[in-house]
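There are 6 protein chains.
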Amino acid sequence: MNESVVVGELTWPEYAQKVASGSTIFLPVGALEQHGHHMCMEVDVLLPTALCKAVAREVDGLVLPALAYGYKSQQKSGGGNHFPGTTSLDGATLTHTIQDIIRELARHGARKLVLMNGHYENSMFIVEGIDLALRELRYGGITDFKVVVLSYWDFVNAPAVIEELYPEGFLGWDIEHGGVFETSLMLALHPEKVDLSRAVDHPPAKFPPYDVFPIIPERTPACGTLSSPKGANREKGELILRVCVEGISSAVREAFDLQK
Amino acid sequence: MNESVVVGELTWPEYAQKVASGSTIFLPVGALEQHGHHMCMEVDVLLPTALCKAVAREVDGLVLPALAYGYKSQQKSGGGNHFPGTTSLDGATLTHTIQDIIRELARHGARKLVLMNGHYENSMFIVEGIDLALRELRYGGITDFKVVVLSYWDFVNAPAVIEELYPEGFLGWDIEHGGVFETSLMLALHPEKVDLSRAVDHPPAKFPPYDVFPIIPERTPACGTLSSPKGANREKGELILRVCVEGISSAVREAFDLQK
Amino acid sequence: MNESVVVGELTWPEYAQKVASGSTIFLPVGALEQHGHHMCMEVDVLLPTALCKAVAREVDGLVLPALAYGYKSQQKSGGGNHFPGTTSLDGATLTHTIQDIIRELARHGARKLVLMNGHYENSMFIVEGIDLALRELRYGGITDFKVVVLSYWDFVNAPAVIEELYPEGFLGWDIEHGGVFETSLMLALHPEKVDLSRAVDHPPAKFPPYDVFPIIPERTPACGTLSSPKGANREKGELILRVCVEGISSAVREAFDLQK
Amino acid sequence: MNESVVVGELTWPEYAQKVASGSTIFLPVGALEQHGHHMCMEVDVLLPTALCKAVAREVDGLVLPALAYGYKSQQKSGGGNHFPGTTSLDGATLTHTIQDIIRELARHGARKLVLMNGHYENSMFIVEGIDLALRELRYGGITDFKVVVLSYWDFVNAPAVIEELYPEGFLGWDIEHGGVFETSLMLALHPEKVDLSRAVDHPPAKFPPYDVFPIIPERTPACGTLSSPKGANREKGELILRVCVEGISSAVREAFDLQK
Amino acid sequence: MNESVVVGELTWPEYAQKVASGSTIFLPVGALEQHGHHMCMEVDVLLPTALCKAVAREVDGLVLPALAYGYKSQQKSGGGNHFPGTTSLDGATLTHTIQDIIRELARHGARKLVLMNGHYENSMFIVEGIDLALRELRYGGITDFKVVVLSYWDFVNAPAVIEELYPEGFLGWDIEHGGVFETSLMLALHPEKVDLSRAVDHPPAKFPPYDVFPIIPERTPACGTLSSPKGANREKGELILRVCVEGISSAVREAFDLQK
Amino acid sequence: MNESVVVGELTWPEYAQKVASGSTIFLPVGALEQHGHHMCMEVDVLLPTALCKAVAREVDGLVLPALAYGYKSQQKSGGGNHFPGTTSLDGATLTHTIQDIIRELARHGARKLVLMNGHYENSMFIVEGIDLALRELRYGGITDFKVVVLSYWDFVNAPAVIEELYPEGFLGWDIEHGGVFETSLMLALHPEKVDLSRAVDHPPAKFPPYDVFPIIPERTPACGTLSSPKGANREKGELILRVCVEGISSAVREAFDLQK
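Residue numbers (our numbering), protein chains in the order written: chain L, 1 to 260; chain Y, 1 to 260; chain P, 1 to 260; chain H, 1 to 260; chain B, 1 to 260; chain U, 1 to 260.
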């Protein structure tokens with residue numbers, strides 16, 4: 001028996017058997033987005049994928065191929081969609097991708113899905129995709145398909161952990177784009193895809209309480225990160241991993257009422 | 001000369017003259033959504049409309065008819081879309097409404113637009129509408145149309161103000177749905193549409209760091225608000241109004257480089 | 001108990017109770033459109049809204065927030081979509097707005113809806129929205145949702161009334177845009193939003209029996225109205241009101257088999 | 001040289017030459033719709049196609065393949081969309097078909113298009129298709145594409161003609177569905193597709209001044225026509241043809257400033 | 001009783017009776033596309049329409065009006081979409097047309113549909129239209145609607161027939177655009193719409209194993225055909241007809257388990 | 001300097017520099033689809049991705065993240081979309097994904113794109129995405145964006161190679177789903193994801209020259225492959241790889257007029 005939790009690595013009978021046994025399916029939803037001078041552009045795919053795999057191992061789940069393109073980067077949370085490399089979808093494209101996948105999973109017989117978001121801007125278009133899909137499933141007579149949607153960073157909320165990650169004070173998830181949090185995770189998971197020596201140290205980005213379109217590129221630090229990654233290290237990444245895997249596993253068990 | 005800032009109350013020659021003189025246009029984007037037992041369901045329209053009018057008077061602007069229906073209420077920010085009365089649009093409908101209106105304003109010759117959001121869940125679909133519209137305007141050769149988008153509560157951020165509004169501690173905008181903030185504003189602006197005697201006092205809503213669909217209605221306080229409005233009063237509402245009108249007027253002047 | 005027929009002014013429990021008791025819901029569908037030099041641009045919203053409220057009071061109904069933007073003004077019925085101020089939606093946007101609202105009303109438990117159109121050009125896009133919505137409701141197992149759609153002017157058809165309104169002869173609803181009919185109604189309902197002294201007197205617009213796109217603006221009278229409002233007065237408006245409220249109330253009772 | 005005015009019967013070099021010389025293109029827009037017991041279901045395609053050909057011969061134009069499916073039949077103008085045989089498109093499908101064809105014609109170099117409608121319900125979705133297409137052409141830098149849109153019956157308006165067609169009084173185009181007008185035209189053009197012996201004589205359909213959805217089939221005469229075709233004859237059809245060909249030819253020459 | 005197999009030539013009661021008796025419905029799906037210097041542009045409509053009629057007569061079926069516009073001509077199968085005259089739809093427009101027609105047929109009570117494709121490029125958009133329609137029918141509780149889709153040339157596969165048509169060797173269906181196959185069929189069915197004297201003799205088109213967009217027009221033979229029609233004749237056309245009618249009739253009987 | 005050809009592994013300045021220097025971008029377009037009992041379900045992603053990387057190294061190109069979900073599996077080319085595990089998108093979703101990515105690449109300054117298809121059913125929806133994107137780019141004034149689209153198997157066409165791969169005769173690409181071709185490639189590239197011992201030997205699938213919907217699952221071999229993979233081996237895979245990399249590299253150089 002194939003022990004992989006990766007759907008793409010299974011044969012269809014292996015997958016069919018897992019789904020028939022009630023396995024939870026995980027879908028990482030990422031983006032192709034600039035993450036500064038020191039990190040590759042697939043960060044938002046790699047991180048939720050790694051977490052999906054780790055949690056899937058805990059709860060006997062399966063991980064679908066990640067969505068590698070996400071919604072348009074916004075200035076205050078991702079630097080903005082004007083950088084070369086950042087390659088984004090229209091909202092409707094992302095929404096319908098989610099809807100199509102849920103429709104197919106339901107056809108397979110799956111009833112438990114976790115959408116693990118790795119790119120802040122995706123959130124509402126994921127929600128809309130879920131809503132359209134569940135509505136459609138109801139028309140088809142399926143009312144027991146259940147979706148958990150989460151952004152993994154929301155599980156890092158214990159004051160002690162925040163304190164350990166940000167001994168000089170936490171400035172908010174918004175400006176964590178390419179900063180200590182994501183960089184530390186990458187150092188723990190894919191150190192070869194980070195080059196801290198090229199990290200640009202800069203004060204946290206500051207934005208007015210409104211947005212302007214077309215955006216004013218100068219408001220984003222030139223390197224693309226919104227806060228400096230200088231405080232990042234592997235240990236912090238491993239701490240975040242532990243906290244996320246534990247928290248998300250527990251949440252998934254709770255949400256789907258799983259034994260394991 | 002008609003002194004109204006309300007576009008709907010002007011004749012077209014009056015509007016045309018204002019637009020030709022460079023007036024900023026304001027569009028309140030609201031929702032029809034339950035706001036507990038003590039408040040009417042048009043709160044998310046009334047509040048941004050009132051603020052648009054007040055700011056328009058400051059900056060010689062004009063206020064378009066509000067969008068009275070918004071995106072689906074989410075459990076953690078609006079209680080959820082399962083309440084009777086809450087009447088929401090699909091994301092694409094809201095997005096295309098925004099896109100259509102911007103296309104028309106550009107045809108009129110307007111080049112400055114403020115989208116004032118009064119319903120948290122609208123944010124990303126407004127952003128998408130702006131992006132699609134500005135993209136389309138570029139195809140039509142128009143590159144100088146500028147949009148400011150804001151949620152008015154983001155202008156209430158001075159610690160002294162927060163302290164005055166929430167002497168017992170601020171718990172975050174998320175759970176302010178139908179709570180002290182919105183209720184105080186309504187008391188200042190439309191006291192006849194609030195009946196504090198029917199307000200339900202309850203502890204702040206607590207949610208896990210993930211969402212489940214279909215939602216679990218029991219996670220929302222039965223009355224529909226996410227925090228108790230009991231601390232609301234007219235004075236707080238007037239303070240918020242002052243802070244918002246001043247802050248937003250100043251932001252609009254800055255963003256559009258206005259003299260007045 | 002809140003006596004308002006305006007949905008936006010109710011709390012959700014008040015609304016829920018009304019809907020549970022079988023109340024008919026009214027949705028005014030308007031437009032933001034030029035109406036000449038003597039009238040404001042929100043005429044097509046104000047008139048059906050006023051009629052909805054009046055009829056709702058007769059039949060114990062409820063009035064939803066009006067749709068303030070409608071389909072593109074056509075030259076022969078609204079002067080054309082080239083005027084500044086006229087702010088219109090694509091057909092699909094209007095259609096999906098109608099569809100979304102019907103889907104939500106059905107979720108609330110409502111089963112009786114009156115769509116009161118105030119802007120000629122909306123008609124077919126409303127019809128399509130209804131058709132798409134009822135089709136979708138059928139997929140969801142709901143087959144008893146019933147919609148009445150009407151344009152209020154179609155209830156003014158008794159020869160004696162026409163004779164009283166147009167002693168010099170009636171020229172057809174088409175060119176009534178901004179003319180005697182709408183202006184009289186506005187004088188009866190919102191006299192402060194009409195300035196007859198600025199009304200431009202002109203012969204009725206004449207059009208060839210075909211349409212040209214792009215339109216030829218010169219074919220529309222420069223002021224924007226299609227017939228002169230000079231014969232308008234408050235008394236005619238009150239007559240129209242009486243006729244419409246009576247006729248529509250009676251039609252609604254008949255269509256939904258209401259006691260009251 | 002091929003003398004046909006039918007685009008489908010030309011080779012592409014023949015078509016290309018015609019278009020290069022400035023020929024006007026005609027597109028008949030029809031429907032597949034019941035027309036009572038005495039007539040075939042392709043009436044709304046055959047009639048505008050015949051008129052397009054006749055007019056094209058007059059003005060050196062070309063006729064595209066007709067659109068054989070139209071928008072949903074409405075009860076008051078076509079009996080309703082519940083009859084077997086009536087086969088209709090969603091509004092968006094018709095609109096996009098029109099838009100696509102205009103985009104292609106513009107690519108060919110054509111700049112003059114006549115959309116000849118043969119099915120009342122199509123009108124607004126044709127208008128929307130034109131609007132979307134011309135908007136898009138503008139983005140592509142094409143601003144001289146001109147469209148005439150017409151319903152051929154609108155050219156039958158001279159009182160003497162109406163009197164000759166309806167000696168007992170004209171009841172309006174609305175209920176002419178399958179009645180004297182269309183039947184007479186069919187008798188003049190395609191007599192083998194009419195069987196007057198099967199025509200059902202009935203009083204003109206009467207409808208209340210509102211529509212109900214789902215429609216109440218009983219409100220339509222059981223045979224499907226809205227007025228009796230008994231008064232139809234070939235002579236009336238020939239008169240209509242003469243009037244329409246003459247009137248439309250003249251309108252097309254006027255609209256496009258044609259010599260011929 | 002009307003003996004026509006053409007739906008458009010029937011009255012609705014005739015159609016209703018046929019459908020009630022279980023008749024198979026045929027829909028020819030064509031295109032308006034250049035077919036070289038020697039043939040008209042409606043070839044892809046005429047051929048599947050003729051075959052539909054012939055097969056319908058064999059199996060007591062009915063033929064709907066053909067779809068006269070198809071998906072964009074591709075260089076390797078139709079010469080490319082850059083020729084004047086070729087008038088194509090976006091994929092979604094074709095797909096939704098198919099979907100709408102199937103939805104309507106199901107409403108009529110029909111349950112057997114044959115989609116006869118006459119234009120290679122349509123294939124996948126037809127498939128998608130079927131899939132969307134059947135999905136939607138399932139939501140409406142209809143699970144017994146069955147569709148056969150075919151391209152008629154796929155029935156010409158017996159080596160002896162291929163040998164007779166192409167004594168010098170068969171080069172593949174791809175480059176048969178406007179070549180021996182289609183021209184022979186046209187000579188058998190519509191000889192007046194072919195002028196072999198204008199046929200351009202040229203070596204078969206050769207293309208690299210990839211496509212380039214925007215296409216390089218020079219890669220298509222200047223006349224528009226992809227292989228020479230010089231070997232075409234009426235006898236070959238009649239052979240193809242016999243083979244196709246026999247093969248398709250038999251397939252339809254098999255697929256729908258028909259007696260006749 | 002990062003030597004990776006994988007866009008996701010680059011920082012944005014590295015990517016920006018490559019694009020500025022004129023690098024060709026490659027996008028693998030795959031599917032999540034059953035491939036029998038002996039192979040994993042990500043075959044259609046792994047193969048074009050490997051080929052993109054190999055060719056990109058030859059021509060100094062860059063490889064975007066693959067599209068991991070494709071159009072619905074068809075019975076005659078992929079077994080059908082009814083297998084558990086096969087997870088497919090609606091056509092419009094795939095088309096818009098392609099369109100969005102091209103729009104973004106154009107914004108980055110890229111002008112050369114290769115779409116490498118690994119799943120037969122994707123082809124036409126890719127083509128439509130390209131057409132919509134290039135049309136839109138033209139509206140934005142960009143006319144020099146060039147796309148090559150190919151299915152890698154089309155480069156395996158030399159008779160000697162076919163003879164070596166299929167000594168007992170080649171039966172057509174159609175039924176190569178999960179057969180010798182794909183299995184050999186997987187053995188050369190990802191042998192750990194193939195288990196030949198589980199391969200089911202069966203005669204080649206045979207289908208009638210038409211398709212039926214809903215499909216008849218029994219027509220597909222129960223294991224899901226359309227021809228037996230028994231003749232597959234690593235050497236054949238390496239031969240295919242050599243042939244494809246050489247052929248595609250050469251095609252890309254030719255198409256984009258590259259030096260290298």
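Calculated from the structure, these hints are not laboratory results. There's no promise every hint is true.
[Unchecked claim] Taking lysine-lysine pairs in the DSBU-like style, the calculated list, with each CA pair at most 35 Å apart, reads:
(1) Lys-53(L) x Lys-230(U)
(2) Lys-53(P) x Lys-53(Y)
(3) Lys-206(L) x Lys-53(Y)
(4) Lys-146(U) x Lys-53(B)
(5) Lys-53(H) x Lys-230(B)
(6) Lys-53(U) x Lys-53(B)
(7) Lys-53(L) x Lys-230(L)
(8) Lys-53(Y) x Lys-146(P)
(9) Lys-206(H) x Lys-206(P)
(10) Lys-53(Y) x Lys-146(L)
(11) Lys-146(Y) x Lys-146(L)
(12) Lys-146(Y) x Lys-230(H)
(13) Lys-230(U) x Lys-206(U)
(14) Lys-206(Y) x Lys-206(L)
(15) Lys-146(U) x Lys-206(B)
(16) Lys-230(B) x Lys-146(P)
(17) Lys-206(H) x Lys-53(P)
(18) Lys-230(L) x Lys-146(U)
(19) Lys-230(Y) x Lys-230(P)
(20) Lys-53(P) x Lys-146(L)
(21) Lys-230(B) x Lys-206(B)
(22) Lys-146(B) x Lys-146(L)
(23) Lys-230(P) x Lys-146(P)
(24) Lys-53(B) x Lys-53(H)
(25) Lys-206(P) x Lys-230(P)
(26) Lys-53(L) x Lys-146(U)
(27) Lys-230(H) x Lys-206(H)
(28) Lys-53(B) x Lys-230(H)
(29) Lys-146(B) x Lys-53(U)
(30) Lys-146(Y) x Lys-146(U)
(31) Lys-53(U) x Lys-146(H)
(32) Lys-53(Y) x Lys-53(L)
(33) Lys-146(B) x Lys-146(U)
(34) Lys-206(P) x Lys-146(H)
(35) Lys-53(H) x Lys-146(H)
(36) Lys-146(H) x Lys-146(P)
(37) Lys-146(P) x Lys-53(H)
Check each numbered hint from earlier against the structure, then list the numbers of those it violates in ascending order.
Failing hints, ascending: 4, 6, 8, 10, 11, 12, 16, 18, 19, 20, 23, 26, 29, 31, 32, 33, 36, 37.
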